[in-house]
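Asker: Sequence:
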Amino acid sequence: MRYLIDTNILLLMIDDDKTLLSNDVSHIIGDCSNLLYISSESVQELIHLVQTRKIIVKGWKTAQNIISFIEDNLHIIIKYIRKEHLATFAALERVENHNDPSDRIIIAQAITENIPLISSDSKFGRYRKQKLQLIYNKK
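Heads up, the sequence shown is in this note's numbering, so the first residue is 2 and it goes up one at a time.
These are computed hints drawn from the structure, not numbers from a lab. Keep in mind the model is a prediction, meaning the values are calculated, not measured. Virtual Cβ for every residue (Gly too), placed ideally from N, Cα, C. Among the hints, a few may not be true.
[Claimed, not checked] Pairwise CB distance ranges, derived in the manner of DEER restraints: (1) LYS59 / GLU97: 36 to 46 Å; (2) GLU97 / HIS76: 32 to 42 Å; (3) ALA91 / CYS33: 33 to 43 Å; (4) ALA64 / LYS130: 13 to 23 Å; (5) GLN45 / ASN74: 13 to 23 Å; (6) LEU87 / LYS59: 27 to 37 Å; (7) GLU94 / LYS62: 38 to 48 Å.
[What the hints assert, rightly or not] For lysine-lysine, the following DSS-like pairs were computed, each having C-alpha atoms within a straight-line distance of at most 27 Å: (8) LYS124 / LYS84; (9) LYS19 / LYS55; (10) LYS140 / LYS124; (11) LYS130 / LYS84.
Based on the provided sequences and hints, a complete structural model is requested.
Answerer: Below, the structure written as structure tokens:
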């Protein structure tokens, strides 16, 4: 099965404390028959966080090696934003107290691709009415 992981899930995957992932999410990530994807928007967020020193990750000596680390070490496929995703993004109904454009484009990408999104963000559940398939990581 295919799954799109959110930025926070990738960070939890590489964290030494594996208890931050729920059993369901750990099982999905650990199942080699599943294909894991991450949005190019998430990769852009990670690069920004490393460049601004808001996060420090072992194995990411520079922002330039984040992409190869994701693809080669974690075997996660980067799914790039396309015109169809932007059309869904433009049509998404806004939900109360959720104004993060990066989150909303990732949600739009998951809806457009008809692929479940794994996230720890409780606000994402409000998009289920708009056809988001969400697997919520209960911490």
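Asker: With reference to the structure, classify each hint as holding or not holding.
Answerer: Comparing the hints with the structure gives:
1. LYS59 / GLU97: 36 to 46 Å: For LYS59 and GLU97 the Cβ distance comes to about 38 Å; the hint holds.
2. GLU97 / HIS76: 32 to 42 Å: 37 Å, holds
3. ALA91 / CYS33: 33 to 43 Å: About 36 Å separates the Cβ atoms of ALA91 and CYS33, which means 33 to 43 Å holds.
4. ALA64 / LYS130: 13 to 23 Å: 36 Å, violated
5. GLN45 / ASN74: 13 to 23 Å: 19 Å, holds
6. LEU87 / LYS59: 27 to 37 Å: 35 Å, holds
7. GLU94 / LYS62: 38 to 48 Å: 42 Å, holds
8. LYS124 / LYS84: 25 Å, holds
9. LYS19 / LYS55: 21 Å, holds
10. LYS140 / LYS124: Since the Cα atoms of LYS140 and LYS124 sit roughly 14 Å apart, the hinted pair holds (cutoff 27 Å).
11. LYS130 / LYS84: 22 Å, holds
Of the numbered hints stated above, the single one contradicted by the structure is hint 4.
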